[in-house]
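Chemist: Sequence:
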Amino acid sequence: MQGLSFASIKKHPSLIPLYFCLGAGCLMATLYTARLALKNPDVSWNRKVDPNEAYRTKQYKFFNQHINWDEYKNPAPRYDEKED
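Take the sequence shown: its letter number 29 is residue 181 in my numbering, and every next letter is one higher.
It is possible that some hints are incorrect.
Stated by the list, open to error - Ranges of calculated distance between the beta carbons of each label pair, as one might list FRET restraints:
#1 Asn-216 <-> Leu-170: 30 to 38 Å
#2 Lys-163 <-> Leu-188: 36 to 44 Å
#3 His-164 <-> Leu-188: 35 to 43 Å
#4 Cys-173 <-> Asn-216: 27 to 35 Å
#5 Cys-173 <-> Asn-198: 21 to 29 Å
In case anyone wonders, no lab produced these hints; they're calculated from the structure.
Only a predicted model underlies this, so the values are computations on that prediction, with no experimental measurement involved.
For each residue, glycine too, the CB sits at the ideal point set by N, CA and C.
Work out the full structure, taking the sequences as your base and the hints as a guide.
Modeler: Take a look at the structure:
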């Protein structure tokens with residue numbers, strides 16, 4: 153296909169920014185999906201370990217200017233405690 157080989161890119165150097173932006177966008181989308189799969193507490197790769205306890209006090213969001221994360225206490229319920 154024309155425009156996909158190095159010889160064709162040398163003839164049409166205006167395609168270089170297009171390929172760069174396309175590659176950077178694909179890379180960022182892949183890294184973001186991997187971050188969601190690995191860091192989000194809603195995703196559990198191990199059924200025996202409870203991820204909710206590991207992320208009870210951790211901050212895993214990108215940015216929130218209205219919350220001071222040093223003083224924030226997560227109001228999530230504890231599932232290991234039984235209520236009578």
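Chemist: Can you tell me whether the CB distance of Cys-173 to Asn-216 sits inside 27 to 35 Å?
Modeler: holds (29 Å)
Chemist: For Cys-173 and Asn-198, compare the CB-CB distance with the range 21 to 29 Å and indicate the outcome.
Modeler: violated (37 Å)
Chemist: In this structure, is the beta-carbon distance linking Asn-216 and Leu-170 contained in 30 to 38 Å?
Modeler: holds (35 Å)
Chemist: Confirm or reject the claim that His-164 and Leu-188 have a C-beta distance inside 35 to 43 Å.
Modeler: For Leu-188 against His-164, whose Cβ atoms are near 36 Å apart, the range 35 to 43 Å holds.
Chemist: 36 to 44 Å was suggested as the range; check whether the CB atoms of Lys-163 and Leu-188 agree with it.
Modeler: holds (40 Å)
Violated hint for the displayed structure: number 5, the only one.
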